[in-house]
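Residue numbers (this note's numbering), protein chains in the order written: chain Z, 38 to 152; chain X, 0 to 108.
Worth flagging that the hints you see were computed from the coordinates, not collected in a lab. Every residue, glycine too, gets a C-beta built ideally from N, C-alpha and C. One or more hints might be untrue.
[Claimed, not checked] Computed list of chain Z residues with no C-beta within reach of chain X, every gap over 12 Å:
id, residue
1, 55
2, 89
3, 102
4, 111
5, 121
6, 132
[What the hints assert, rightly or not] No farther apart than 20 Å at their CA atoms in a straight line, the calculated lysine to any residue pairs in the SDA-like style are these:
id, chain 1, residue 1, chain 2, residue 2
7, X, 105, Z, 48
8, Z, 94, X, 91
9, X, 105, Z, 76
10, X, 105, Z, 79
11, X, 105, X, 43
12, X, 80, Z, 48
13, X, 105, Z, 77
14, Z, 48, X, 40
15, Z, 94, X, 15
[Claimed, not checked] Derived, one-sided and incomplete: chain X residues facing chain Z with beta-carbon distance under 8 Å:
id, residue
16, 32
17, 44
18, 48
19, 101
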Amino acid sequence: GAGVSQSPSNKVTEKGKDVELRCDPISGHTALYWYRQRLGQGLEFLIYFQGNSAPDKSGLPSDRFSAERTGESVSTLTIQRTQQEDSAVYLCASSVDNTGLDGYTFGSGTRLTVV
Amino acid sequence: GQNIDQPTEMTATEGAIVQINCTYQTSGFNGLFWYQQHAGEAPTFLSYNVLDGLEEKGRFSSFLSRSKGYSYLLLKELQMKDSASYLCAVPGGGNKLTFGTGTQLKVEL
Chain Z
38 GAGVSQSPSN KVTEKGKDVE LRCDPISGHT ALYWYRQRLG QGLEFLIYFQ
88 GNSAPDKSGL PSDRFSAERT GESVSTLTIQ RTQQEDSAVY LCASSVDNTG
138 LDGYTFGSGT RLTVV
Chain X
0 GQNIDQPTEM TATEGAIVQI NCTYQTSGFN GLFWYQQHAG EAPTFLSYNV
50 LDGLEEKGRF SSFLSRSKGY SYLLLKELQM KDSASYLCAV PGGGNKLTFG
100 TGTQLKVEL
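Generate the whole structure from the sequences, applying the supplied hints.
Structure representation (structure tokens):
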């Protein structure tokens with residue numbers, strides 16, 4: 038597609054439930070990133086995928102968080118046993134190559150609210 | 000690791016010029032990015048500097064001094080629509096961008 042597509046745009050879930058967020062990057066972009074942005078705060082790196090290389094998971098805050106990506110296509114971020122502190126906007130971005138120096142293109146994000 | 004510092008908030012008048020500063024520490028410099036983020040929207044790419052000096056792009060310019068670990072974003076002829084958060088970011092280990100917390104710019108009449 039023309040841009041990075043994320044779904045759902047909004048998700049309200051009960052504490053303790055699992056959620057799955059989806060990101061569809063720009064076609065041909067080999068690198069894909071997930072960030073989290075809490076209300077009024079900066080972007081917090083979560084995980085980075087580059088082609089078929091092992092992902093950089095160094096930003097995942099706990100083992101409740103996991104992400105997958107098949108090849109250079111769609112990625113899903115899964116949060117298990119959600120907590121209220123997980124409430125945030127989850128942003129996905131992609132870039133042409135693994136340098137990221139072309140700048141990221143961000144999706145519109147998924148606003149997650151845990152009640 | 001990377002560390003980025005920006006002012007939290009700034010206010011300026013429509014038609015004026017505003018300069019948003021960013022200081023950074025990073026191991027291995029690979030350029031500096033500026034992004035604009037309107038409330039409730041995704042960040043959008045504004046500029047990328049890898050060499051010292053000023054790069055102009057319409058009403059927006061970005062400056063870099065690698066020796067001082069310093070950059071600024073200059074916005075001229077401010078418009079109300081420029082009210083947004085401006086994020087400074089540097090590439091870090093593994094090619095991920097580390098973002099500052101952003102400077103919330105409010106443009107007033």
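Tested hints:
1. 55: The claim stands: residue 55/Z keeps its Cβ more than 12 Å from every Cβ of chain X (closest is about 25 Å).
2. 89: Residue 89/Z clear of chain X: closest Cβ-Cβ about 15 Å, beyond 12 Å.
3. 102: holds (16 Å)
4. 111: holds (18 Å)
5. 121: Non-interface label stands for residue 121/Z: nearest chain X Cβ at 21 Å, farther than 12 Å.
6. 132: About 8 Å separates residue 132/Z from the closest Cβ of chain X, which leaves it inside 12 Å; violated.
7. 105/X - 48/Z: violated (29 Å)
8. 94/Z - 91/X: Roughly 14 Å separates the two Cα atoms, so the pair holds.
9. 105/X - 76/Z: holds (18 Å)
10. 105/X - 79/Z: holds (17 Å)
11. 105/X - 43/X: With a Cα-Cα distance of about 18 Å, the restraint between residue 105/X and residue 43/X holds, given a limit of 20 Å.
12. 80/X - 48/Z: violated (28 Å)
13. 105/X - 77/Z: OK: residue 105/X and residue 77/Z at ~15 Å, within 20 Å.
14. 48/Z - 40/X: holds (16 Å)
15. 94/Z - 15/X: With a Cα-Cα distance of about 43 Å, the restraint between residue 94/Z and residue 15/X is violated, given a limit of 20 Å.
16. 32: Nearest chain Z Cβ about 6 Å off; hint holds.
17. 44: This interface hint holds because 4 Å falls under the 8 Å limit.
18. 48: With Cβ-Cβ at 11 Å, over 8 Å, it is violated.
19. 101: holds (6 Å)
Hint compliance for this structure: hints 6, 7, 12, 15, 18 are broken, all remaining hints hold.
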